[in-house]
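Engineer: Letter by letter, the chains look like this.
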Amino acid sequence: MSKLIMFHGRECPHCQVMMPLVDRLEKEEGIKIDRKEVWHNEKNADLMRSYRDIIEPKCGGQLRTPSFMNTETNDILCGELEYDKLKEWATR
Amino acid sequence: MKRYWRCHVCNDIHYGIKPPEICPTCNFKNAYVEISSAEAKKIQSGETEMDKEKFRQAIGKFAEKNEFQVNPNQEKVNMLIDGIFSCEENHWMKYCPCRLITKDFDEDLKLVCPCNFLIHETYKDKEDGECWCGLFVRRKNE
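Chains as they are written, first to last, in the working numbering: chain A, 23 to 114; chain B, 4 to 145.
Bear in mind the hints are in silico, worked out from the structure with no lab data behind them. Worth double-checking, as some hints may not be accurate.
Claimed, not checked - Simulated restraints, written as ranges between beta carbons of each label pair:
hint	chain 1	residue 1	chain 2	residue 2	range
1	B	K45	A	D75	26 to 32 Å
2	A	D68	B	P27	24 to 30 Å
3	A	D45	B	K45	49 to 55 Å
4	A	D45	B	P27	47 to 53 Å
5	A	D45	B	T105	28 to 34 Å
6	A	D68	B	H11	41 to 47 Å
7	B	K106	A	K80	17 to 23 Å
8	B	C13	A	S72	46 to 52 Å
What the hints assert, rightly or not - Per the computed footprint, the stretches of chain B lying under chain A, defined by three or more beta-carbons under 8 Å from a beta-carbon of chain A, are:
hint	stretch
9	59–67
10	78–85
Claimed, not checked - A few chain B residues that face chain A, going by a derived Cβ cut-off under 10 Å, partial list only:
hint	residue
11	C13
12	G49
13	C101
14	K106
15	F108
16	L112
17	K113
18	L121
19	E124
20	W135
21	G137
No experiment lies behind these values; they were computed from the predicted model shown. Cβ coordinates follow ideal geometry from the N, Cα and C atoms, glycine included.
Just chain A, with the same shape it has in the complex:
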């Protein structure tokens, strides 16, 4: 599993906005971001919930989608983001 995870929802418009940016980031930086859909995949949902204590404080106290998590550093971003901010998170 990559250390970088994107938790997303199939019917979440913010997630759909971010998908092409994640594609671009992977292509340009040669990195892998694990995309884990959480509303239709209970295993992925449980994984996101297992990080609740880390994600919630940085996402308005909720398990929001999309949430971007670096499992090594616990760096979290959530919501719709500029490409540069996402890149900084991924390459830090």
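Use these hints to put chain B onto chain A, whose structure you have.
Structural biologist: Frame of chain A, contents of chain B only:
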């Protein structure tokens, strides 16, 4: 703690810390008596249907007299309603498709659409505020 209350005149059910002074259905004053959740469930067992179109109408009516409106972006709204109904199919409640449930029922009630987004940082004090998923957006001043 919230409890169930029944109007002894028309059987209207209220769930809250205290009952309404006047029954909103039959207008009778001081009509409510506390009942158990089992009794409330029995009284409320009459089935009502809420398909996507009816839900769309319900949220439109809900927003009508408020400072917010349903997002004019129909494509976005369609996707969100699909997500909300998918949540209901898989998890019994119309949860927001942009936030994951915690599996703590009381906590997750905060995620049922429409949620109390007026207090969220994506809406509060923002001219172009919207609920987290974007189903509701602040009405523009005309």
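Engineer: Work down the list of hints and note, for each, if the structure agrees.
Structural biologist: Hints, verified against the model:
1. The hinted range of 26 to 32 Å is not satisfied by K45(B) and D75(A), whose Cβ atoms lie roughly 40 Å apart.
2. Take D68(A) and P27(B): their Cβ atoms lie about 41 Å apart, and the range 24 to 30 Å is violated.
3. As the Cβ distance of D45(A) to K45(B) is approximately 53 Å, the hint placing it in 49 to 55 Å holds.
4. Distance hint check: the CB atoms of D45(A) and P27(B) are about 52 Å apart, consistent with the given range 47 to 53 Å.
5. Restraint check, D45(A) to T105(B): a C-beta distance of roughly 30 Å satisfies the suggested window 28 to 34 Å.
6. For the pair D68(A) and H11(B), the supplied restraint of 41 to 47 Å holds, since their beta-carbon distance comes to about 46 Å.
7. Between K106(B) and K80(A) the beta carbon distance is about 20 Å. The supplied range of 17 to 23 Å therefore holds.
8. Checked against the hint of 46 to 52 Å, the C-beta distance between C13(B) and S72(A) comes to roughly 48 Å, which is consistent with it.
9. Taking a C-beta to C-beta cut-off of 8 Å, the stretch 59–67 of chain B contributes 0 residues in contact with chain A, too few for the three needed, and the coverage statement is violated.
10. Interface restraint, the stretch 78–85 of chain B with chain A: holds (4 residues with C-beta to C-beta distance below 8 Å; minimum three).
11. Of the supplied interface hints, the one on C13(B) is violated, with its beta-carbon coming no nearer than about 38 Å to a beta-carbon of chain A, more than 10 Å.
12. Interface hint status for G49(B): violated, as the beta-carbon distance to the closest one in chain A is roughly 30 Å, over 10 Å.
13. Interface hint status for C101(B): upheld, as the beta-carbon distance to the closest one in chain A is roughly 4 Å, under 10 Å.
14. Checking K106(B) against chain A: minimum C-beta separation of about 7 Å stays under 10 Å; hint holds.
15. A least Cβ separation of about 14 Å between F108(B) and chain A goes past the 10 Å threshold, and the interface hint is therefore violated.
16. Taken as an interface hint, L112(B) does not check out: its beta carbon lies about 13 Å from the nearest beta carbon of chain A, beyond 10 Å.
17. For K113(B), the interface hint holds, since its Cβ comes within 10 Å of a Cβ in chain A; the closest pair sits about 8 Å apart.
18. A least Cβ separation of about 14 Å between L121(B) and chain A goes past the 10 Å threshold, and the interface hint is therefore violated.
19. The interface hint given for E124(B) holds, since its Cβ lies 6 Å from the closest Cβ of chain A, which is under the 10 Å cut-off.
20. The interface hint given for W135(B) holds, since its Cβ lies 7 Å from the closest Cβ of chain A, which is under the 10 Å cut-off.
21. The interface hint given for G137(B) is met, as the beta carbon of that residue sits about 6 Å from the closest beta carbon of chain A, less than 10 Å.
Checked against the numbered hints given earlier, the structure breaks hints 1, 2, 9, 11, 12, 15, 16, 18 and satisfies all the rest.
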